[in-house]
Amino acid sequence: MLRNNVLRKTEDFNRVYNRGKKVHSKYVVVFCLKNDMKTDRISYIASKKVGNSVRRNRARRLMRESMRLIPREQSGHDFVLVAKNSINDRKCADVKKSIESALKKLRIIDNEEKK
569 MLRNNVLRKT EDFNRVYNRG KKVHSKYVVV FCLKNDMKTD RISYIASKKV
619 GNSVRRNRAR RLMRESMRLI PREQSGHDFV LVAKNSINDR KCADVKKSIE
669 SALKKLRIID NEEKK
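The opening position of the sequence shown corresponds to residue 569 in the numbering used here, with each subsequent residue numbered one higher.
Just so you know, these hints were derived from the structure itself, not from any lab. Be aware that a few hints might be false.
Simulated DEER-style distance windows between Cβ atoms [what the hints assert, rightly or not]:
1. N679 <-> R576: 30 to 40 Å
2. S643 <-> V597: 33 to 43 Å
3. R587 <-> A661: 14 to 24 Å
4. N656 <-> K606: 29 to 39 Å
DSSO-like mimics (lysine-lysine), calculated; alpha carbons at most 30 Å apart, straight line [said to hold, decoys possible]:
5. K659 <-> K594
6. K606 <-> K617
7. K577 <-> K589
8. K589 <-> K652
9. K616 <-> K594
10. K652 <-> K590
11. K664 <-> K590
12. K665 <-> K577
13. K673 <-> K589
14. K617 <-> K594
15. K602 <-> K590
16. K673 <-> K659
17. K602 <-> K672
18. K652 <-> K673
19. K617 <-> K602
Predicted, not measured: the structure shown is a model, and the values here were computed from it. Where is the CB? At the ideal position from N, CA and C, for every residue including glycine.
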């Protein structure tokens, strides 16, 4: 089953890498670029620098779950989240904090805590 909210084409990745904003956090690098759609498209990348296939898949699962847990509105952005080697052996809460801080720097989510 294909998901509509995932970047798949090489041209889309290159556009986000070349024209988008980039923010480093402790465990991930977030690339972000405004798109012409009403929904967000997100891709999760873990290179071989992260480790073997088990570690890479865990890194992608951690990033996917962390993005799911972060409350945000659909703002029409393309996101590429790239795992750093430091994501190994971390908890989901740690990765979530890291991604939240990156999204705050990009002004995708508010700096104020919503309760």
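Quick rundown of the hints versus the structure:
At about 32 Å, the beta-carbon gap between N679 and R576 stays in the expected band of 30 to 40 Å. At roughly 20 Å, the beta carbons of S643 and V597 sit outside the given window of 33 to 43 Å. Checked against the hint of 14 to 24 Å, the C-beta distance between R587 and A661 comes to roughly 32 Å, which is inconsistent with it. For N656 paired with K606, a C-beta distance near 36 Å keeps the hint of 29 to 39 Å intact.
Simply put, K659 and K594 have alpha-carbon atoms about 13 Å apart, close enough for the 30 Å limit, and the pair holds. A distance of roughly 34 Å separates the Cα atoms of K606 and K617; the hinted pair therefore is violated under the 30 Å criterion. This hinted pair checks out: K577 and K589 have alpha carbons roughly 19 Å apart, not beyond 30 Å. Between the alpha carbons of K589 and K652 the distance comes to roughly 17 Å, so the proposed pair stays at or under 30 Å and holds.
This hinted pair checks out: K616 and K594 have alpha carbons roughly 18 Å apart, not beyond 30 Å. About 14 Å separates the Cα atoms of K652 and K590, which keeps this hinted pair within 30 Å; it holds. A hinted pair counts as satisfied when its Cα atoms are at most 30 Å apart, and K664 with K590 qualifies at roughly 17 Å. Among the hinted pairs, K665 with K577 is consistent with the structure: their alpha-carbon atoms are about 29 Å apart, no more than 30 Å.
At most 30 Å may separate the alpha-carbon atoms for a hinted pair to count; K673 and K589 meet this at roughly 10 Å. Under the criterion of a C-alpha separation no larger than 30 Å, the hint pairing K617 with K594 is consistent with the structure, at around 15 Å. Of the pairs offered as hints, the one joining K602 and K590 holds, with about 13 Å between alpha carbons and a cut-off of 30 Å not exceeded. Between K673 and K659, the direct Cα distance comes to roughly 22 Å. Compliance with the 30 Å bound is thereby established for this hinted pair.
Distance hint between K602 and K672 is fulfilled; the C-alpha atoms sit about 15 Å from each other, no more than 30 Å. A C-alpha spacing of about 18 Å is found between K652 and K673, which places the hinted pair at or below 30 Å, so the restraint holds. Distance restraint check for K617 and K602: the Cα-Cα separation of roughly 28 Å lies within the 30 Å cut-off, and the hinted pair is therefore satisfied.
The earlier numbered hints that this structure contradicts are 2, 3, 6.
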